[in-house]
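Using the sequences plus the hints, can you model the full thing?
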Amino acid sequence: MRRHVHLALLSSLLIAAGVCAAGCTSEPSTPVDATAVRAYADTATDTALQGLSEGDLEKYTRHANDGFKAAVTQEILDGTAKQINSQLGAYQSIEFLKAEEQDGYIIVHYRATYEKGKAGIRMVFDNDQLIAGQWFE
48 MRRHVHLALL
58 SSLLIAAGVC
68 AAGCTSEPST
78 PVDATAVRAY
88 ADTATDTALQ
98 GLSEGDLEKY
108 TRHANDGFKA
118 AVTQEILDGT
128 AKQINSQLGA
138 YQSIEFLKAE
148 EQDGYIIVHY
158 RATYEKGKAG
168 IRMVFDNDQL
178 IAGQWFE
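Using our numbering, the first residue of the sequence shown is number 48, and each one after it goes up by one.
These are calculated hints, taken from the structure and not from any lab test. Ideal Cβ placement from N, Cα and C applies to all residues, glycine included. Any given hint could be a false lead.
[Said to hold, decoys possible] Cβ pair distances, simulated, as ranges:
#1 79 to 162: 30 to 36 Å
#2 150 to 129: 31 to 37 Å
#3 129 to 82: 34 to 40 Å
#4 174 to 82: 30 to 36 Å
[What the hints assert, rightly or not] Derived BS3-like pairs (lysine-lysine); straight-line CA-CA distance at most 25 Å:
#5 129 to 116
#6 106 to 116
#7 165 to 145
Laid out in structure tokens, this is it:
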């Protein structure tokens with residue numbers, strides 16, 4: 048449980064302003080075409096998680112919107128990568144679980160596999176199909 052709390056606190060540093068709008072509302076979510084969403088979300092998520100594991104800011108933010116890029120500095124990424132790598136090990140792969148739309152954002156849920164275990168990942172995408180936020184669950 049403590050590991051999940053640490054991951055949740057660290058992931059809060061990584062989320063851009065748009066994520067709160069997607070995650071803090073009371074409107075119900077709407078199912079979306081998973082195939083269409085996965086066409087962009089799987090690659091973007093895999094690249095971001097590789098970048099996070101490697102401490103590579105350019106790779107981590109390659110498919111991100113301007114708000115997300117502005118919120119994540121190399122210092123934040125380094126600290127988060129160190130914590131995640133020590134707790135979970137190196138990133139290996141993702142498994143798609145579901146996708147939904149809420150307040151104009153697409154929220155995609157994955158199970159990520161790392162060397163030492165698995166973690167739930169929630170990626171938030173804006174209307175331009177760019178990463179607007181990321182959460183560890």
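Hints, verified against the model:
1. A C-beta distance of roughly 32 Å is found between residue 79 and residue 162, which places it inside the suggested range of 30 to 36 Å.
2. Separated by about 33 Å at the C-beta atoms, residue 150 and residue 129 satisfy the suggested range of 31 to 37 Å.
3. Evaluation of the 34 to 40 Å hint for residue 129 and residue 82 yields a pass: the beta carbon distance comes to about 36 Å.
4. Taking 30 to 36 Å as the suggested C-beta distance range, the pair residue 174 and residue 82 does not conform, at roughly 18 Å.
5. About 19 Å separates the Cα atoms of residue 129 and residue 116, which keeps this hinted pair within 25 Å; it holds.
6. At roughly 11 Å between alpha-carbon atoms, residue 106 and residue 116 fall within 25 Å of each other, so this suggested pair holds.
7. For the suggested pair residue 165 and residue 145, the alpha carbons sit about 17 Å apart, so the restraint of at most 25 Å is met.
The structure does not agree with numbered hint 4 stated previously, though it agrees with all others.
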